[in-house]
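K.L.:
The chain contents come next:
Protein chains: 2
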Amino acid sequence: MVNEQYKGMLSGKSIIRELSEYATRRGEEIGYDNVFDFSLGNPSVPCATSYTEAIVKLHQNMDPMSLHGYSPSTTIPSVRQAVADSLNRRFDMNYGMEHIFMTTGAAGALSHALRAVTKPGDEVLTFAPFFPEYGPYVTGTGAKLTVVPANTEDFQINFTAFEEMLTENVMAVLINTPNNPSGVVYSRETIERLAQVMADKQREYGHDIFLISDEPYREILFDGVECPYPSKFYDNTLSCYSFSKSLSLPGERIGYVAVNPACTDADILVPIMAQISRGTGHNCPSSSVQLAVAKVLEDTSDLSVYETNMNILYDALVDLGFEVVRPGGTFYIFPKALEEDANAFCMKAKAYDLILVPSDNFGVPGYFRMAYCIDTEKVKRAIPVLREFVEKEYPNR
Amino acid sequence: MVNEQYKGMLSGKSIIRELSEYATRRGEEIGYDNVFDFSLGNPSVPCATSYTEAIVKLHQNMDPMSLHGYSPSTTIPSVRQAVADSLNRRFDMNYGMEHIFMTTGAAGALSHALRAVTKPGDEVLTFAPFFPEYGPYVTGTGAKLTVVPANTEDFQINFTAFEEMLTENVMAVLINTPNNPSGVVYSRETIERLAQVMADKQREYGHDIFLISDEPYREILFDGVECPYPSKFYDNTLSCYSFSKSLSLPGERIGYVAVNPACTDADILVPIMAQISRGTGHNCPSSSVQLAVAKVLEDTSDLSVYETNMNILYDALVDLGFEVVRPGGTFYIFPKALEEDANAFCMKAKAYDLILVPSDNFGVPGYFRMAYCIDTEKVKRAIPVLREFVEKEYPNR
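Top to bottom, those sequences are chains Y and V. The first sequence maps to residues 155 to 551 in the working numbering. The second sequence maps to residues 155 to 551 in the working numbering.
There may be inaccurate statements among the hints.
Because identical chains cannot be distinguished in the list, a pair is counted as satisfied if it fits within a single copy or across any two copies.
[Stated by the list, open to error] Simulated crosslink set (DSS-like; lysine-lysine; CA at most 27 angstroms straight-line):
| hint | residue 1 | residue 2 |
| --- | --- | --- |
| 1 | K211 | K386 |
| 2 | K355 | K490 |
| 3 | K161 | K211 |
| 4 | K211 | K449 |
| 5 | K355 | K386 |
| 6 | K161 | K449 |
| 7 | K161 | K355 |
| 8 | K386 | K161 |
| 9 | K298 | K273 |
| 10 | K546 | K273 |
| 11 | K534 | K504 |
| 12 | K161 | K298 |
| 13 | K502 | K532 |
| 14 | K161 | K273 |
What the hints contain is simulated information worked out from the structure, not anything from laboratory work. Note that the structure is predicted; figures quoted are calculated from it, not measured.
Construct the complete structure from the given sequences, taking the supplied hints into account.
P.N.:
The following block contains the structure:
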């Protein structure tokens, strides 16, 4: 019989994907230029040309047996060393090759990190607002995801709730900074306090509590905002990274887990992740893609469009009277809806061909997410439409 | 705490990998030319040049946003269509795009296929001799792997044992033809009888029994041997393929599952596999690799060296008095050891720098595997060493 659990998941479709599919259909009807699709977090700039040059050169010059050979189960040593060196240089860490495990993007990274430090039945805490895929990522391991309510003041951490909810059964805490969907970057103060609370609770409970830090937006920062490297503040940290956004390579599925060298069992966590791979069929990202990113680790695509778009949108939203926290990075913004029911709000916007994602799936009611990884020209054209929508639908605010 | 289950797996190392690592160390000592390493099933010929041309061209000419964009969760439609068309042409099937799911090699394919049609606690049958990684592949899903004893006569199926062991709790049967480690190709008669037994038991038990057919060696056939396409004989078949061996791309992690269109729930099995991906962090193979293999689906590397090597080895083994079934494909041969304890036999061979893999891990005692995906010149040089080993260690046979 076909597995009923997975069969059941088919009906629980992602609202983001549904909205994006609607936008595509609508685009076919009225012309895609006339649909203001803020649904999907898909990079809107091409990959760094240095990546293209690197991978073409590898295919033209490298021995194909080495380029396309099996990676060791712990992934390619020279690539792991290059990642360690780059992180050490950038974040003043002391990773060795043995602390780096290359993965198929952040999804692969989180999947391994979560399995390595939890067992079925354990609890994993995350903070609202959060990326909805954390649901299947965590429940897929057999652990349970519990969501700490948002601090809607500034979308930093709600520490009162966090300290209460960090019970003895919690084995890992999952953070995402810069954050999808809020665009907020956790401040140094937030990370320091988070680390302090976790360290205290580790002592109190007498067991490890791991910090799993999901950092695919680490390179997309605005206004010179500081983005502290969480692992620098808390030893039991597994940093999960993806090159999807920084190099605009989402389809290539390439990222890594970096295990803090001072972490419990730091020397065996990568071999453990290699074992996890055997059971899930992950078995390493593409060898040629591993080797190519290793050549361009500190390059990025031209990410400036995201800041340009953020500034235009933020100013317009404030001007229209929205309550909104200014993003410090990413390509998302997360304003408060103009009525309590975010679904109703987004449904009304849809009639103006404004495709906005209601916040309920992100763990906070009453907000909406706009993904502004689209052409600046389109962001500009969306402003009068947004104005018309607000003025017509909410005239008496 | 670090997950104890995976931690425990660290001590249970793969004997194949250990032998291969020993061969590498020994090669550093005495020169790699002097080590006759028959341990690893790693392709020894470069990838098809048409693949290199295709992927370079894609990087040079295709819009990078399309080349590197997210695959849909069910993988890239044009690639799925190309695979369906090719299979239909070659095996007289009627796959649609909707029956094909691209995966990270055969490991990814098996991992999805097994999860799709079993639930934790179910039993999966396979046949000795079998690829040892089936252990973690199956137990990783929560199902239980049961091994039908070998038919050592010709390494076709032991039907007496199979019919007894195909109990009501068995939800899937996993076959591998051409077979690793025996090199044997299941005959048309074998596949027909297998299909008949399974169809009868399905009727008797009133539930589906799926055939999961692992076919990475499908393109490596000798002497014009016929390799029947199992899905043609049994509707409830999921065919798992990898381009690792045919195109010599093991590191690129690219393959697929092809769901027989007449299979139970054929229309939802690929969407179900896409859901499974969310929980395991698989989330599609590399987009550029998907697009490149789609251009060269019916090409292969120059695979003729494997047949050349097989003939040399088979003749030599027969000449030395080994009992051995002539392989119909793959790059493996599986002779009977010259004493009951295959481990002792292989240990003695090691003293002659002949690296042979004992058969116990493949589910049959008393045999050994030789992977002859090495230079023909080295196979030739290994024959007198093999002769010396046999004559000195087993003089009184």
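K.L.:
Could you place K386 and K161 in one of the four classes (within, between, both, neither) given a Cα distance threshold of 27 angstroms?
P.N.:
For K386 and K161, the Cα distance is within 27 angstroms only across copies (26 angstroms; inside one copy 42 angstroms).
K.L.:
Quick one: K534 to K504, C-alpha cut-off 27 angstroms, is that within a copy, between copies, both, or neither?
P.N.:
within (18 angstroms within a copy, 72 angstroms between copies)
K.L.:
Given identical chains, is K161 near K211, meaning Cα to Cα at most 27 angstroms, within a copy, between copies, both, or neither?
P.N.:
neither (44 angstroms within a copy, 39 angstroms between copies)
K.L.:
State whether the alpha carbon distance between K161 and K355 is at most 27 angstroms within one copy, between copies, both, or neither.
P.N.:
between (39 angstroms within a copy, 24 angstroms between copies)
K.L.:
Tell me, please, which holds for K546 and K273 at an alpha-carbon limit of 27 angstroms: within, between, both or neither?
P.N.:
neither (52 angstroms within a copy, 53 angstroms between copies)
K.L.:
Are the CA atoms of K161 and K298 at most 27 angstroms apart within a copy, between copies, both, or neither?
P.N.:
Classified as both; 20 angstroms inside a copy, 21 angstroms across copies.
K.L.:
Please work out whether the CA atoms of K211 and K449 approach to 27 angstroms or closer within one copy, between two copies, in both situations, or in neither?
P.N.:
Both, since 11 angstroms and 20 angstroms are each at most 27 angstroms.
K.L.:
Within, between, both or neither: how does the pair K355, K490 come out at a Cα-Cα threshold of 27 angstroms?
P.N.:
For K355 and K490, neither the intra-copy (34 angstroms) nor the inter-copy (59 angstroms) Cα distance is at most 27 angstroms.
K.L.:
For K355 and K386, with the copy left unspecified, which applies at a CA distance of at most 27 angstroms: within, between, both, or neither?
P.N.:
Within. Shortest intra-copy distance 19 angstroms satisfies the 27 angstroms Cα cut-off; inter-copy 59 angstroms does not.
K.L.:
Between K502 and K532, at a C-alpha cutoff of 27 angstroms, which is it: within one copy, between copies, both, or neither?
P.N.:
within (20 angstroms within a copy, 73 angstroms between copies)
K.L.:
At most 27 angstroms between C-alpha atoms: does K161 with K273 qualify within a copy, between copies, both, or neither?
P.N.:
both (24 angstroms within a copy, 12 angstroms between copies)
K.L.:
Evaluate K161 and K449 at a C-alpha cut-off of 27 angstroms and name the case that applies: within, between, both or neither.
P.N.:
Result: close neither inside a copy nor across copies, 42 angstroms intra and 33 angstroms inter.
Violation of the numbered hints given earlier is confined to hints 1, 2, 3, 6, 10; the remaining hints are satisfied by the structure.
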